[in-house]
Amino acid sequence: AFAFVKSKNKEKAYELIYKQTEEWLKESGCLSGQEELIEQIIKKNSTDYRYLTNEVLALFNWLRRFSEGLIKGEVDDEN
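Position 11 (the sequence shown) corresponds to 11 in this note's numbering; numbering is contiguous.
Just so you know, not all the hints are guaranteed correct.
What the hints assert, rightly or not - Here are the in silico distance ranges between beta carbons for each label pair:
no., residue 1, residue 2, range
1, I71, G33, 18 to 28 Å
2, S67, E27, 28 to 38 Å
3, I38, K12, 32 to 42 Å
4, C30, S67, 31 to 41 Å
Claimed, not checked - Okay, derived cross-link-like pairs now, EDC-like style, lysine to aspartate or glutamate, Cα gap no bigger than 20 Å in a straight line:
no., residue 1, residue 2
5, K26, E15
6, K12, E22
7, K19, E55
8, K43, E55
9, K26, E36
10, K72, E55
11, K44, E68
12, K43, E68
13, K72, D48
14, K43, E22
15, K72, E36
16, K19, E35
17, K26, E39
18, K72, E39
19, K44, E27
20, K44, E22
21, K12, E36
22, K26, E68
23, K44, E55
24, K19, E36
Worth flagging that the hints you see were computed from the coordinates, not collected in a lab.
Treat the numbers as computed from the prediction; the structure is a model and nothing was measured.
Ideal Cβ positions, reconstructed from N, Cα and C, are used throughout, including at glycine.
Take these sequences, add in the hints, and give me the full structure.
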């Protein structure tokens with residue numbers, strides 16, 4: 001999935017998703033700061049890969065809830 005996102009990196013939304021995910025994983029200690037996200041992911045063993053997957057899913061779930069709250073707030077402000 002990240003190879004697809006990386007290939008679409010020239011499009012602003014995909015670039016933002018990629019960068020936020022990379023930053024989140026580095027700040028949480030899942031990845032080091034030296035190599036790019038994809039390079040580090042493909043070197044992980046299956047246990048670490050599953051852990052990263054769960055971290056990314058948790059991040060995306062949080063982003064979804066956050067954006068839903070922003071949208072709801074905009075709708076409430078219009079009424």
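A quick look at each hint next to the structure:
Separation of I71 from G33 is about 33 Å and departs from the stated range, judged on CB atoms against 18 to 28 Å. The supplied range of 28 to 38 Å is broken by S67 and E27, whose beta-carbon atoms lie about 20 Å from each other. A hinted range of 32 to 42 Å is violated for the C-beta pair I38 and K12, which are about 19 Å apart. Separated by about 23 Å at the C-beta atoms, C30 and S67 break the suggested range of 31 to 41 Å.
For the suggested pair K26 and E15, the alpha carbons sit about 17 Å apart, so the restraint of at most 20 Å is met. Distance check on the hinted pair: K12 and E22 sit about 15 Å apart at the alpha-carbon level, within 20 Å; holds. As the CA atoms of K19 and E55 are separated by approximately 15 Å, the hinted pair is consistent with the 20 Å bound. Only pairs whose Cα atoms come within 20 Å are accepted, and K43 paired with E55 is accepted, the gap being roughly 17 Å.
Between the alpha carbons of K26 and E36 the distance comes to roughly 10 Å, so the proposed pair stays at or under 20 Å and holds. Restraint check for K72 and E55: not satisfied, since their Cα atoms lie roughly 26 Å apart, outside the 20 Å limit. Annotation: proposed proximity of K44 to E68 is violated, straight-line Cα distance about 33 Å (limit 20 Å). With a C-alpha separation of about 34 Å, the suggested pair K43 and E68 falls outside the 20 Å cut-off, and the hint is violated.
Note on K72 and D48: the hinted pairing is violated, with a Cα-Cα distance of about 36 Å set against a maximum of 20 Å. Proximity of K43 to E22 is assessed by CA-CA distance (about 15 Å); at most 20 Å being required, the pair is judged to hold. Using a Cα cut-off of 20 Å, the hinted pair K72 and E36 is violated, with the two alpha carbons roughly 35 Å apart. In summary, the hint linking K19 to E35 is supported, as the alpha carbons are separated by about 13 Å, within the 20 Å threshold.
Distance check on the hinted pair: K26 and E39 sit about 13 Å apart at the alpha-carbon level, within 20 Å; holds. About 38 Å separates the Cα atoms of K72 and E39, which puts this hinted pair outside 20 Å; it is violated. Pair hint K44 plus E27 holds up; C-alpha atoms about 18 Å apart against a cutoff of 20 Å. Of the pairs offered as hints, the one joining K44 and E22 holds, with about 15 Å between alpha carbons and a cut-off of 20 Å not exceeded.
For a cut-off of 20 Å, the pair hint linking K12 to E36 stands: about 18 Å separates their Cα positions. Of the pairs offered as hints, the one joining K26 and E68 is violated, with about 25 Å between alpha carbons and a cut-off of 20 Å exceeded. Proposed proximity of K44 and E55 is supported: the alpha carbons are some 14 Å apart, at most 20 Å. Of the pairs offered as hints, the one joining K19 and E36 holds, with about 10 Å between alpha carbons and a cut-off of 20 Å not exceeded.
Violated hints, listed in ascending order, are 1, 2, 3, 4, 10, 11, 12, 13, 15, 18, 22; each of the other numbered hints is respected by the structure.
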